[in-house]
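S.K.: Here is how the chains run, residue by residue.
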Amino acid sequence: MGRWMALEGTEAVAYAMKQIAPDVVAAYPITPQTGIVQTFAQFVADGEVSTEFLQVESEHSALSACVGAAAAGARAMTATSSQGLALMWEILYIAAAMRLPVVMPVVNRALSAPINIHCDHSDSMGARDAGWIQIYSENAQEAYDNTLQAVRIAEHPQVRLPVMVMMDGFITSHAVERVWIEEDDAVRAFVGTYQPACTLLNLERPLTFGALDFYDYYFEHKRHQVEAMRRAKEAILEVAEDFARRFGRRYGLFETYRLEDAEVALVVLSSTAGTARVAVDNLRRLGWRVGLLKPRVYRPFPDHELIEALRHVRAIGVMDRAIAFGAMENGGPLWLDMLAAAYRHGLHIPIANYVFGLGGRDITPSEIEGIFTDLMQIAERGMITRPVTYVGVRGEAPLPTPAEWALWLPEATIAGD
Amino acid sequence: MQEMIEIRWHGRGGQGVVTAARLLAEAAMEAGYFIQAFPDYGPERSGAPIRAYTRLSRSPISLHSPVKAPDLVIVLDETLLGDPSLLEGLKPDGWLIVNSALPPEFVRRRVGGYKGHLALLDATRIALEVLRRNLPNTPLLGALARLTGLFSLEDLTRHIRHHLAAKFGEDVVRANLEAVRRGFEEVRIDPGQASPGERPIEVPSGGMALPWFELPRGGLILDAGNAIAYRTGDWRTFRPVVEMEKCTHCLYCWLYCPDDAIRVAGGQFLGFDEAHCKGCGICAAVCPPKAIIMVEESRVVAAV
Chain A
1 MGRWMALEGT EAVAYAMKQI APDVVAAYPI TPQTGIVQTF AQFVADGEVS TEFLQVESEH
61 SALSACVGAA AAGARAMTAT SSQGLALMWE ILYIAAAMRL PVVMPVVNRA LSAPINIHCD
121 HSDSMGARDA GWIQIYSENA QEAYDNTLQA VRIAEHPQVR LPVMVMMDGF ITSHAVERVW
181 IEEDDAVRAF VGTYQPACTL LNLERPLTFG ALDFYDYYFE HKRHQVEAMR RAKEAILEVA
241 EDFARRFGRR YGLFETYRLE DAEVALVVLS STAGTARVAV DNLRRLGWRV GLLKPRVYRP
301 FPDHELIEAL RHVRAIGVMD RAIAFGAMEN GGPLWLDMLA AAYRHGLHIP IANYVFGLGG
361 RDITPSEIEG IFTDLMQIAE RGMITRPVTY VGVRGEAPLP TPAEWALWLP EATIAGD
Chain B
1 MQEMIEIRWH GRGGQGVVTA ARLLAEAAME AGYFIQAFPD YGPERSGAPI RAYTRLSRSP
61 ISLHSPVKAP DLVIVLDETL LGDPSLLEGL KPDGWLIVNS ALPPEFVRRR VGGYKGHLAL
121 LDATRIALEV LRRNLPNTPL LGALARLTGL FSLEDLTRHI RHHLAAKFGE DVVRANLEAV
181 RRGFEEVRID PGQASPGERP IEVPSGGMAL PWFELPRGGL ILDAGNAIAY RTGDWRTFRP
241 VVEMEKCTHC LYCWLYCPDD AIRVAGGQFL GFDEAHCKGC GICAAVCPPK AIIMVEESRV
301 VAAV
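Heads up: the protein sequence lines correspond to chains A and B, in order.
For the first sequence, the UniProt record's numbering begins at 1 and goes up steadily by one.
For the second sequence, the UniProt record's numbering begins at 1 and goes up steadily by one.
These are computed hints drawn from the structure, not numbers from a lab.
There may be inaccurate statements among the hints.
[Stated by the list, open to error] Here are some chain B residues pointing at chain A (derived, C-beta under 10 Å):
1. F213
2. E214
3. L215
4. G218
5. N226
6. I228
[What the hints assert, rightly or not] Take a look, some chain B residues computed to stay more than 10 Å from chain A by CB distance:
7. T148
8. H162
9. R217
10. V300
As the structure is a computational prediction, the values presented were derived from the model and not from experiment.
No residue lacks a Cβ here, since even glycine has one placed at the ideal position from N, Cα and C.
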């Protein structure tokens with residue numbers, strides 16, 4: 001039997017890593033590293049896990065060591081955050097292109113400058129095109145569950161891609177929550193033994209890894225990577241299915257909340273989805289038909305599935321905890337992907353962007369209610385006047401409050417359940 | 001001239017192929033042309049076959065793709081004459097221009113019985129005599145002025161003065177002008193049989209062409225050690241020659257050779273792996289009894 005434990009998000013992930021017992025974990029031990037590696041290093045020091053723990057001189061080296069270990073046939077993991085992820089940049093692409101199933105929990109935190117240690121998604125969003133699978137977790141439980149599943153997804157014979165598992169910095173990483181930790185043996189049975197198809201250390205069958213690859217082959221190998229990313233969607237669902245069968249917790253590409261009859265929907269990642277659930281309940285009590293969609297898998301982006309889940313609503317709000325500077329309207333990456341997906345799948349409704357919470361700025365249910373109010377107005381008018389709102393930024397026009405909206409909202413439209 | 005002339009250069013790393021493509025473009029610009037010069041970049045390895053391109057046009061050039069159907073193919077190194085891709089796409093009325101002292105029939109034979117326009121210039125000899133260095137580009141420019149009529153000797157003179165006078169003394173400028181003049185005068189033209197209306201020369205592409213889904217993932221090479229099939233010995237411009245009576249079998253050459261091209265058995269030096277020796281000269285440099293000397297490849301080839 002498993003057991004309930006009071007764990008911080010980082011501890012929950014460190015537990016997952018202990019149970020996975022990777023062959024190699026390489027990490028850089030000081031800021032911006034998080035409690036994940038600290039806790040895991042303690043497990044190693046206490047002899048609770050036999051992983052070879054490499055303390056390297058930078059995050060760049062941490063991922064490089066994982067690349068080497070994975071190429072040698074080891075199950076390799078590291079963890080990072082913020083500037084650490086930024087420093088890994090070039091190796092991110094190498095791990096993905098060499099098709100090495102490295103699993104890396106990422107604690108989402110802001111990027112300098114100005115110097116900031118708090119939550120936003122700028123770090124992992126910047127890595128969205130690096131060829132890694134990206135899974136976002138709402139809370140410590142999801143971070144734990146996703147880390148376990150990430151190993152299977154990464155090593156899936158149809159995939160063989162590295163996976164990042166995200167949790168929100170501080171909000172999830174440093175908050176203690178009730179987490180169901182599965183039994184070690186059950187986890188071991190679920191993740192299985194890594195069976196690398198090709199390894200550097202197989203002397204019977206010598207191979208060349210990471211060779212030069214010019215215009216005659218490079219593009220073909222990139223196309224190969226596309227195929228792996230395409231197949232990942234199915235593999236993720238297959239792994240989630242097995243996870244649900246063994247542990248009872250069910251995961252998909254995304255999760256919806258009171259979306260079935262919603263007039264307007266909010267799309268938001270990670271911990272804020274939990275906060276938004278409270279806002280949805282508050283407004284539902286007023287009779288507003290609002291709903292929520294929380295993407296779990298951001299890469300590969302489940303464009304078709306997302307749009308089908310949202311096809312019945314009249315307006316969509318997309319909340320982004322990052323800015324794609326210089327992109328359309330200086331909006332956020334999730335919004336841009338949602339707009340593209342809507343266009344691609346013929347959904348022609350207003351889709352507004354709400355950039356929020358940068359550098360750890362709080363986001364509360366009442367602010368999210370403001371966003372829903374804005375969305376109700378947009379749905380009513382059928383058009384957007386402000387495509388991107390920077391929520392709660394001083395000097396920006398504030399969002400309407402539900403009370404303001406209720407004053408001139410026609411009675412009929414708010415009469416709901 | 002036609003609206004645009006396209007030129008493909010063939011040579012070996014270290015011979016100034018890229019510079020040649022650029023020099024010609026600059027000279028043509030001086031004469032009022034729109035220009036483009038660019039190399040086919042790869043790992044820059046001394047002696048490896050490389051290509052560069054020059055485009056000259058009466059109007060601005062918006063094309064940014066490799067030259068596929070050249071009007072001129074210029075070969076800086078006659079050891080490349082056996083390269084089957086040398087004539088690829090050459091227009092039926094185009095010119096093959098070779099830096100060579102060989103008679104035209106011999107060159108034609110080496111280029112698979114080529115019948116079209118041919119021009120030959122012993123640019124290396126002129127360069128060695130006049131510039132005292134193996135810089136065949138400058139005499140070739142003179143030959144191109146004569147052959148193409150794209151620019152005059154006066155244009156070239158002005159260009160060379162302009163570019164060299166700032167950096168070098170009058171002696172260097174004069175020597176370069178002399179090299180150009182001799183290239184102009186000494187180019188040997190062998191018209192051959194141009195056959196207008198014929199299609200550009202097609203060369204079957206020799207490379208592997210696996211579709212993406214048949215490739216091992218991640219750029220993995222399953223048959224490790226297949227570099228042995230890559231005959232880098234063709235890159236040589238110099239080759240090591242050993243005087244066996246001086247060799248002490250110390251095997252310094254074997255230790256230092258970056259290409260594992262020293263043949264050794266039972267602790268004895270046996271010779272060089274000519275299929276892979278690139279002629280870098282490290283073995284000769286490190287040989288304690290100086291038993292290895294480097295000899296120009298073309299001399300060895302000519303002697304064979």
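S.K.: Which constraints among the numbered hints does this structure fail? Numbers only, ascending.
M.R.: Violated hints: 6 and 9; rest satisfied.
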